Amino acid sequence: MSVISEQAQSTELLRLVTCGSVDDGKSTLIGRLLYDTKQIFVDQLAHIEEASRRRGHDYVDLALLTDGLRAEREQGITIDVAYRSFVTPRRRFQLADAPGHVQYTRNMVTGASTADLGVVLVDARQGVVEQTRRHAYILRILRVPHVVVAVNKMDLVDWSRERFDEIARDLERLGLPDLRVIPISALHGDNVVDGSEAMPWYAGPTLLEHLETVEIALDRDLDARRFPVQWVIRPMSDAYHDYRGYAGQVAGGVWSAGDEVVVLPAGLRTRVEAVETADGPLEAATPPLSVTIRLADDLDVARGDMLADPASPPVVARELEARICWMSDRPLEPRARLAVKHTTRTVRAIVDELVSVVDVHTLDDQPSPERLGLNDIGVARLRLAEPLCVDPYEENRATGAFILLDEATNETVGAGMVLVGTA
Amino acid sequence: MSVSRSAPTLTHLDELEAEAIHIFREVAAELERPVLLFSGGKDSIVLLRLAEKAFRPGRFPFPVMHVDTGHNFPEVIEFRDRRVAELGERLIVASVQESIDKGRVVEETGPRASRNRLQTTTLLDAIAEHGFDAAIGGARRDEERSRAKERIFSFRDEFGQWNPRAQRPELWSLYNARVRRGEHVRVFPISNWTELDVWQYVARERLELPSIYFAHEREVFRRDGMLYAVSPYVQRMEGEEPFVASVRFRTVGDMTCTGGVLSEARTIEEVVAEIAATRVTERGETRADDRFSEAAMEDRKRVGYF
Chain W
1 MSVISEQAQS TELLRLVTCG SVDDGKSTLI GRLLYDTKQI FVDQLAHIEE
51 ASRRRGHDYV DLALLTDGLR AEREQGITID VAYRSFVTPR RRFQLADAPG
101 HVQYTRNMVT GASTADLGVV LVDARQGVVE QTRRHAYILR ILRVPHVVVA
151 VNKMDLVDWS RERFDEIARD LERLGLPDLR VIPISALHGD NVVDGSEAMP
201 WYAGPTLLEH LETVEIALDR DLDARRFPVQ WVIRPMSDAY HDYRGYAGQV
251 AGGVWSAGDE VVVLPAGLRT RVEAVETADG PLEAATPPLS VTIRLADDLD
301 VARGDMLADP ASPPVVAREL EARICWMSDR PLEPRARLAV KHTTRTVRAI
351 VDELVSVVDV HTLDDQPSPE RLGLNDIGVA RLRLAEPLCV DPYEENRATG
401 AFILLDEATN ETVGAGMVLV GTA
Chain U
1 MSVSRSAPTL THLDELEAEA IHIFREVAAE LERPVLLFSG GKDSIVLLRL
51 AEKAFRPGRF PFPVMHVDTG HNFPEVIEFR DRRVAELGER LIVASVQESI
101 DKGRVVEETG PRASRNRLQT TTLLDAIAEH GFDAAIGGAR RDEERSRAKE
151 RIFSFRDEFG QWNPRAQRPE LWSLYNARVR RGEHVRVFPI SNWTELDVWQ
201 YVARERLELP SIYFAHEREV FRRDGMLYAV SPYVQRMEGE EPFVASVRFR
251 TVGDMTCTGG VLSEARTIEE VVAEIAATRV TERGETRADD RFSEAAMEDR
301 KRVGYF
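Chains W and U, in that order, give the protein sequences. Just so we're aligned, residue 1 is where the first sequence starts under our numbering, counting upward by one. Just so we're aligned, residue 1 is where the second sequence starts under our numbering, counting upward by one.
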């Protein structure tokens with residue numbers, strides 16, 4: 001086997017979201033990360049050199065690498081979440097680049113929903129500002145397990161250790177999980193991929209070193225077994241006459257043959273006969289593997305049902321109290337009727353009450369709002385036409401999450417995170 | 001019972017595979033008439049393998065469709081027919097030649113004539129004719145800049161158009177698959193894969209590929225810095241002298257717009273090594289169709305191209 005195949009056997013995937021605006025130098029940072037890890041191909045480089053010249057820049061604008069759509073290039077802003085990949089000998093990275101303007105909260109929530117790690121940009125001259133607090137808040141409520149704050153433009157504060165320490169102290173108050181603060185200059189490349197000669201006082205890892213080594217394998221929700229049934233495999237062929245397999249993606253716990261199972265919402269009990277894939281049986285399956293589970297008893301199980309550990313089942317809920325991020329131009333008002341898509345099950349819901357809305361400036365909860373507007377984050381109580389098997393989002397990012405659909409327009413109008421589910 | 005409760009380390013290929021299988025099952029469960037688009041290229045060969053992983057020992061809950069320009073590499077057509085027969089699945093061929101014969105599109109002429117753009121009409125006609133509400137394809141976000149912003153479930157209106165300003169937010173692994181009659185979604189299970197991931201997966205799964213992906217001696221000529229295969233479908237211009245070279249192809253498009261690269265890589269391992277060291281993107285190097293303008297791909301996608 002060649003070196004490359006061996007590497008493929010051992011490279012983990014890290015999904016990260018970057019938060020910040022053009023002014024923080026976010027696009028430059030991403031460009032720098034791609035450039036210094038040699039991910040930029042010669043034709044892409046020629047392309048942005050040409051584009052930089054056309055715009056009258058006398059330098060190669062690395063930020064142009066991340067502007068995908070024509071409207072974005074014309075307006076010099078980022079409109080939508082962009083996903084891009086890069087690889088180093090130690091890890092494979094999937095980067096969601098979310099625009100940082102106030103009106104684009106929904107993009108950051110989207111990018112953060114799948115992230116293992118969030119990178120927040122702070123301008124060393126400005127320090128922690130309102131936008132920093134907003135980004136930290138979103139990473140916290142979306143439960144992104146690791147956060148790096150890159151204090152950028154250190155060159156513009158004379159590489160000052162005092163300034164950096166001051167900002168780092170302010171950041172500690174934001175309650176971010178597994179926080180790492182790194183002083184950088186994206187423009188000059190200090191502490192992005194390579195170290196910094198200008199900041200000998202900083203002994204920690206560069207941004208890339210940290211991204212390559214942060215421990216993520218234990219972030220998976222391994223405690224309580226959860227398996228939303230996505231698809232029933234019933235070949236009904238001669239070779240597989242009685243075969244009935246429940247296919248889906250493991251949402252929690254470690255699944256093995258012999259495990260006790262409760263099928264929800266019906267509440268039927270059985271055992272796992274086998275955990276398998278098209279390649280054969282597995283000894284154990286954890287999130288996020290897509291597998292097929294066969295059960296010991298012949299039960300009526302369909303898409304939308306959930307298999308779970310009977311010792312610690314999810315709540316079979318008819319009511320949800322949930323944090324909502326509203327993503328539609330048309331505001332959400334009490335009494336609204338929506339569809340809720342949760343794991344593999346979609347049910348109708350009525351908004352019984354809007355409990356609170358977060359003030360974007362102070363991040364305080366304002367009680368009983370009349371509506372939630374585009375990009376508002378608030379708490380609502382939903383009544384469900386049929387039950388959903390939920391966990392608090394705090395305990396499981398897969399079985400605690402849902403999206404809201406407008407049945408008239410088919411649009412995705414909101415994202416939800418379960419706080420409490422009640423029967 | 002002593003089943004190990006420690007979590008095994010998953011590789012990036014394990015995670016990307018799990019995500020893709022989940023997407024396949026989600027399309028099958030939520031849409032009424034999906035179709036899997038198959039070009040004979042490596043990405044769609046990976047899709048076939050992922051579909052097996054998603055649905056075996058059952059059958060695919062959708063047919064496989066090839067939009068045939070009539071200007072394909074013969075090796076690819078031979079491979080397509082053999083592979084689909086091995087799988088025992090249903091193949092639909094949508095023909096650009098038929099679209100031309102029916103007057104739905106007009107054939108381009110001259111040395112730069114290509115049927116690449118005509119495929120869009122053939123594809124949209126086939127989707128309408130069969131009433132498909134989802135078309136699963138092998139496009140990847142690393143191929144091109146506008147693709148980086150496209151959703152995994154990407155909505156198309158009744159005219160087959162993509163509107164990049166009005167995309168549905170896509171959170172967690174919860175996909176909104178809702179369409180009205182006449183609309184459809186394009187679904188990209190390997191959106192998050194790179195060219196290198198695809199090759200590593202081909203190596204891991206020991207997938208067979210059409211022979212043109214590996215270095216072989218072929219009569220070629222040089223145009224715009226790219227090497228084109230000599231074929232009856234491309235008219236050579238003055239000074240475009242054919243010569244024999246050892247080449248391989250990085251993508252499998254129509255012979256009129258797909259260029260080869262000089263290469264000695266004759267095995268998957270050798271190709272993977274070459275790609276890991278490569279300095280040019282696959283579409284930039286070998287696809288004339290992306291070179292027309294800065295926003296070439298975005299424009300074609302807006303009107304319904306894959």
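Just so you know, these hints were derived from the structure itself, not from any lab. Quick caveat, the model's predicted, so the values are computed rather than measured. Be careful, since some hints might not be right.
Listed next, the stretches of chain W that the computed footprint assigns to chain U, with coverage defined by at least 3 CB atoms under 8 Å from CB atoms of chain U [what the hints assert, rightly or not]: (1) 106 to 117; (2) 190 to 201; (3) 234 to 242; (4) 288 to 296; (5) 382 to 388.
Estimated spans, in silico, between C-beta atoms of each pair [said to hold, decoys possible]: (6) W:THR422 to U:GLU269: 49 to 59 Å; (7) W:GLU197 to U:GLU264: 36 to 46 Å; (8) U:GLU108 to W:ALA385: 31 to 41 Å; (9) U:HIS216 to W:GLY204: 27 to 37 Å; (10) W:PRO89 to U:VAL230: 36 to 46 Å.
We put the beta carbon where it would ideally sit given N, CA and C, even for glycine.
Evaluated hints:
1. For the segment 106 to 117 of chain W, the assignment as covered by chain U holds, since 6 residues bring a beta-carbon within under 8 Å of that chain's beta-carbons and 3 suffice.
2. Restraint check on the segment 190 to 201 of chain W versus chain U: 0 residues with Cβ-Cβ distances below 8 Å, three needed, restraint violated.
3. Only residues whose C-beta sits within less than 8 Å of a C-beta in chain U count toward coverage, and the segment 234 to 242 of chain W has 5 of them, enough to reach three; the restraint holds.
4. Given as covered by chain U, the segment 288 to 296 of chain W passes the check, having 3 residues with a CB less than 8 Å from a CB of that chain where 3 are the minimum.
5. With 0 residues bearing a CB less than 8 Å from a CB of chain U, the segment 382 to 388 of chain W misses the requirement of three and the coverage assertion fails.
6. Under the hint 49 to 59 Å, the C-beta atoms of W:THR422 and U:GLU269, about 57 Å apart, fit the expected range.
7. Taken as a hint, the range 36 to 46 Å holds for the pair W:GLU197 and U:GLU264, whose Cβ atoms sit roughly 42 Å apart.
8. The supplied range of 31 to 41 Å is broken by U:GLU108 and W:ALA385, whose beta-carbon atoms lie about 55 Å from each other.
9. The beta-carbon spacing between U:HIS216 and W:GLY204, approximately 51 Å, falls outside the hinted interval of 27 to 37 Å.
10. At about 40 Å, the CB distance of W:PRO89 to U:VAL230 agrees with the hint of 36 to 46 Å.
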